[in-house]
Amino acid sequence: MARTLIHMPESARRGEVFEIRALISHVMETGYRPGADGRPVARDIIRTFTCRYNGEIVFGMELHPAVAANPYIAFHTTATESGELEFRWEGDRNFSQSERRTITVSDA
Amino acid sequence: MKFSSTPQSAVTGAAWSSRPTAASSAAAGPAAARRRLLKAGAAAPLLVLLRPADATPESSSAAIAAFTGGAPLQAGRVVFEISRLIDNGNAVPVTVRVQSPMTAADHVSAIAIFNERNPQPEVAAFNLSPRSGKADVSTRIRLATSQKLVAVARMSDGSFWHQTVDVIVTLAACIEGEVS
Numbered sequence: 001m002a003r004t005l006i007h008m009p010e011s012a013r014r015g016e017v018f019e020i021r022a023l024i025s026h027v028m029e030t031g032y033r034p035g036a037d038g039r040p041v042a043r044d045i046i047r048t049f050t051c052r053y054n055g056e057i058v059f060g061m062e063l064h065p066a067v068a069a070n071p072y073i074a075f076h077t078t079a080t081e082s083g084e085l086e087f088r089w090e091g092d093r094n095f096s097q098s099e100r101r102t103i104t105v106s107d108a
Numbered sequence: 001m002k003f004s005s006t007p008q009s010a011v012t013g014a015a016w017s018s019r020p021t022a023a024s025s026a027a028a029g030p031a032a033a034r035r036r037l038l039k040a041g042a043a044a045p046l047l048v049l050l051r052p053a054d055a056t057p058e059s060s061s062a063a064i065a066a067f068t069g070g071a072p073l074q075a076g077r078v079v080f081e082i083s084r085l086i087d088n089g090n091a092v093p094v095t096v097r098v099q100s101p102m103t104a105a106d107h108v109s110a111i112a113i114f115n116e117r118n119p120q121p122e123v124a125a126f127n128l129s130p131r132s133g134k135a136d137v138s139t140r141i142r143l144a145t146s147q148k149l150v151a152v153a154r155m156s157d158g159s160f161w162h163q164t165v166d167v168i169v170t171l172a173a174c175i176e177g178e179v180s
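Protein chains in written order, with the numbering used here: chain D, 1 to 108; chain Y, 1 to 180.
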């Protein structure tokens, strides 16, 4: 399990646009870097990141080797209803990790 | 890591491969063998060129064309925030903002970043929807050298907008195995 850090509000007003910042510890080995034996080290990157809001995909990202190690991703979404946000990272060597956060949405 | 650069390993590699020749010409004396080694050393910089092909302006435009499907790129609406002078290419903060009301009828559906001189032309792609509320994404990227970067936004009406920036990188990412 890689360490993750997710920053988002715990509550929001309906219709409010809020920012989500997600960080995960991962080497993001490019596959272009020579190792100690002079041969390139095999690629090991996170390829996709998705954010689901109560099951519906609200944000997706495709990552390439040019994304820095420990990928930091910041994006926005609209508060529609109280519920759960699921963050999922998937990559090489069957890497897969998901994290959940709840949000309380109030009227007014 | 950075100090065990390839030129050196290429030199040793050349020395090893030239060994049988040096041994067979041992009769010519050690001076000749040394000359051979020196020659092999001089050829080493050429060996260094045999590394994975870099992205080029052509491959970058090909990658952009694959993203746009050949649709014309218009300048404007996209704000690509990145420092113009980058100390460290290993983690460069970038932000892309696109002017859009983000309604169901008119929103940004995707944003992609491309480069010209990293090993691969694609950097990252983001999928957005009207639920994003705001077309504003950030991440941190790697840059192999000073180059041109392009941020392209795909609108829900099928139009494409972009902004191109030129950046100078002093400490490059993934330089190991490269000469320049």
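Derived by calculation from the structure, the hints in this document are not laboratory data. There may be inaccurate statements among the hints.
Simulated DEER-style distance windows between Cβ atoms [unchecked claim]:
id, chain 1, residue 1, chain 2, residue 2, range
1, Y, P101, D, D37, 52 to 60 angstroms
2, D, M8, Y, A62, 33 to 41 angstroms
3, Y, S83, D, T4, 35 to 43 angstroms
4, Y, A66, D, G31, 17 to 25 angstroms
As the structure is a prediction and not an experimental result, all values here were calculated from the model. All C-beta atoms, glycine included, are put in the ideal place defined by N, C-alpha and C.
Hint check:
For Y:P101 and D:D37, the hinted distance range of 52 to 60 angstroms is satisfied, since their beta carbons lie about 54 angstroms from each other. For the hinted restraint 33 to 41 angstroms between D:M8 and Y:A62, the CB-CB distance of approximately 37 angstroms keeps it satisfied. Restraint check, Y:S83 to D:T4: a C-beta distance of roughly 26 angstroms breaks the suggested window 35 to 43 angstroms. For Y:A66 and D:G31, the Cβ-Cβ distance of about 20 angstroms falls inside the hinted range of 17 to 25 angstroms, so the restraint holds.
Checked against the numbered hints above, the structure violates only hint 3.
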